[in-house]
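For reference, the chains in residue letters:
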Amino acid sequence: MQACAGAFRALSWRTEMPPVPESRPRLANAERASSGRYSGWRLLREGLTGHRGWSPAWAKAVPRPRYRVVIVGGGGHGLATAFYLATEHGIDDVAVLEKGPIGLGNVGRNTTFIRSNYFHPNNIRFYDFSLKLWEGLEHKLNFNAMVSQRGTLNLFHTEAQRDLFTRRANQMRLLGVDAEALSREAVKALAPLVDVDNGRFPVLGGFLQPRGGTVRHDAVAWGYARAASEAGVDIVEQCEVTGIARDGQRVVGVETTSGFIGADTVCLAVAGHSSRLAAMAGLKLPIETHVLQAFVTEAVKPVLDVVLTYGASHFYVSQSDKGGLVYGGALDGYNTYGQRGTLPMAEELAASAVTLMPGLARLKVLRQWGGVMDMTMDGSPLITKTPIEGLILNGGWCYGGFKAIPAGGVTTAHLIARGSLHPLAAHLGLERFVAGRTVDERGVGPFPYAH
Amino acid sequence: MLRIPCPWCGERDETEFRYRGDATKVRPAGDASLAVFAAYVYERDNPLGWHIEWWLHVAGCRKLLKVVRHTLSHDIHAVLAPEDEPVLPRQESGR
Chain A
1 MQACAGAFRA LSWRTEMPPV PESRPRLANA ERASSGRYSG WRLLREGLTG HRGWSPAWAK
61 AVPRPRYRVV IVGGGGHGLA TAFYLATEHG IDDVAVLEKG PIGLGNVGRN TTFIRSNYFH
121 PNNIRFYDFS LKLWEGLEHK LNFNAMVSQR GTLNLFHTEA QRDLFTRRAN QMRLLGVDAE
181 ALSREAVKAL APLVDVDNGR FPVLGGFLQP RGGTVRHDAV AWGYARAASE AGVDIVEQCE
241 VTGIARDGQR VVGVETTSGF IGADTVCLAV AGHSSRLAAM AGLKLPIETH VLQAFVTEAV
301 KPVLDVVLTY GASHFYVSQS DKGGLVYGGA LDGYNTYGQR GTLPMAEELA ASAVTLMPGL
361 ARLKVLRQWG GVMDMTMDGS PLITKTPIEG LILNGGWCYG GFKAIPAGGV TTAHLIARGS
421 LHPLAAHLGL ERFVAGRTVD ERGVGPFPYA H
Chain B
1 MLRIPCPWCG ERDETEFRYR GDATKVRPAG DASLAVFAAY VYERDNPLGW HIEWWLHVAG
61 CRKLLKVVRH TLSHDIHAVL APEDEPVLPR QESGR
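Chains A and B supply the protein sequences, listed in that same order.
Under our numbering, the first residue of the first sequence carries the number 1, and numbering increases by one thereafter.
Under our numbering, the first residue of the second sequence carries the number 1, and numbering increases by one thereafter.
Honestly, I wouldn't trust all of these hints.
To be verified - Counterexamples of contact, computed for chain B against chain A with all Cβ distances above 10 Å: (1) Trp8; (2) Val26; (3) Gly60; (4) Lys63; (5) Val79; (6) Pro82; (7) Asp84; (8) Arg90.
Claimed, not checked - For each label pair, taking beta carbons as the anchor points, the in silico distance ranges come out as: (9) A:Pro192 with B:Ala32: 54 to 62 Å; (10) B:Ala32 with A:Gly445: 18 to 26 Å; (11) A:Ala181 with B:Pro82: 46 to 54 Å; (12) A:Val354 with B:Glu16: 18 to 26 Å; (13) B:Ser33 with A:Pro192: 58 to 66 Å; (14) B:Ser33 with A:Phe260: 36 to 44 Å; (15) A:Ala186 with B:Ala81: 39 to 47 Å.
What the hints assert, rightly or not - Examples of chain B residues toward chain A, derived with CB under 7 Å: (16) Met1; (17) Pro5; (18) Tyr19; (19) Thr24; (20) Lys25; (21) Val41; (22) Tyr42; (23) Glu43; (24) His51; (25) Thr71; (26) Leu72; (27) Ile76; (28) His77.
Rather than coming from a laboratory, the hints here were simulated on the basis of the structure.
Given the structure is predicted, the values throughout are model-derived calculations rather than measurements.
Positions of the beta carbon are idealized from the N, C-alpha and C atoms, including for glycine.
Taking the hints into account, I'd like the entire structure generated from these sequences.
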């Protein structure tokens, strides 16, 4: 089965949801206890009454035999898709199936950055839409996700690099997105720890996206899970999908460790493992799986209040609210499903950290971990129909999955509910690979390990 | 750190090599259809298990090697010359 070819052919895929069976028992939802609204008053009241009034943030659902929509993967994108399906499209006959507990996959493994400083106009529009959703997310979810727009600062070290960044910043400003050029002195003032005069790669200046920043990633998973559960979605943990059931070229449900679950639409939101799930439906994707690593140092007093990227190697760092410096780098470079760190990367990133900010040499690294990602052939994600009718794919997130969670959820929910591509994600279909419309932000060609 | 036993140079660190991707893709005939070429260029098996892949020994003999490596355990089963046909171990023995 050739997914790309199929996607190109099938311009005549259905554009509407199949008819919904009229009545079905909603016992699981009716019996669901609400966690109630969170507020300062409630915290005060609970504090005075021994914290006995809290209930679980989301219901641990037992799967029913059939749903209108089954979402495979209870990470950021799966939960967000379920939440927007229920709240914006009125489709609450939805189950999210997660093979482990909520929050232990990639949604809890990334370096928590949000930003929209891309070059390709479609990428800028998509990621800035996401950034705008982040800005209002906590009110929408009634959950403190600690969204912190502390700014994203990209350093440059050569004049050629400055020109490249200027071009990107201009492109962003043309589309109404914030970007500012900073002098060397301004960089020094904003991030005093940076050795702007270092002999190896002196800093010439930087580009700042003031609206960029960080979000507490666990809270994103919990917040979406709670809000989706409240809106009527069944969140089923410890339920691994082992097969995708088809009737000819139409999906009819999934085989799981909890038995068969029927569905009109199955949405895969399992980035890192999209190839394996797609293979269950006989599809081959333009994806390789690679590991990205992150590190955190011991906690120190505030020393860095901006997200910083180094221009001389692939290295990015921010300081968490606990005080640890969280940093990460590039891919290891070879296909892997191993969710663990490796020593060559530990060494390379430590070298980058110390070249950029020599003061960090005094810090101890506490933890190192890895998350495996779908690296697509053009470095851009997939929000797409597939040649299997009723099978929707949200995946291929490469480096950009976390920051895209709200936009990924909105556009994937739109695709599931309306049957048509959301205008902001219209360029993210599988057919782009056959049609020659790849969205290759860095222009490196079909080499997933190079994006 | 992967240690790759180069048939020409002996066992070396992964940092001496450059990964060059899936070694099972075969270029279609020149008159093949667009869809066939797209599948060749873009689609990958991306297995969780044994993977046949290219590594270029850039800081050594500069030869292209065909390596059979497990994508979860990272065990290296065989390192061969480009023209050799690897025999895959049983899938479950990888870890």
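Check each numbered hint from earlier against the structure, then list the numbers of those it violates in ascending order.
15, 17, 19, 20, 27, 28
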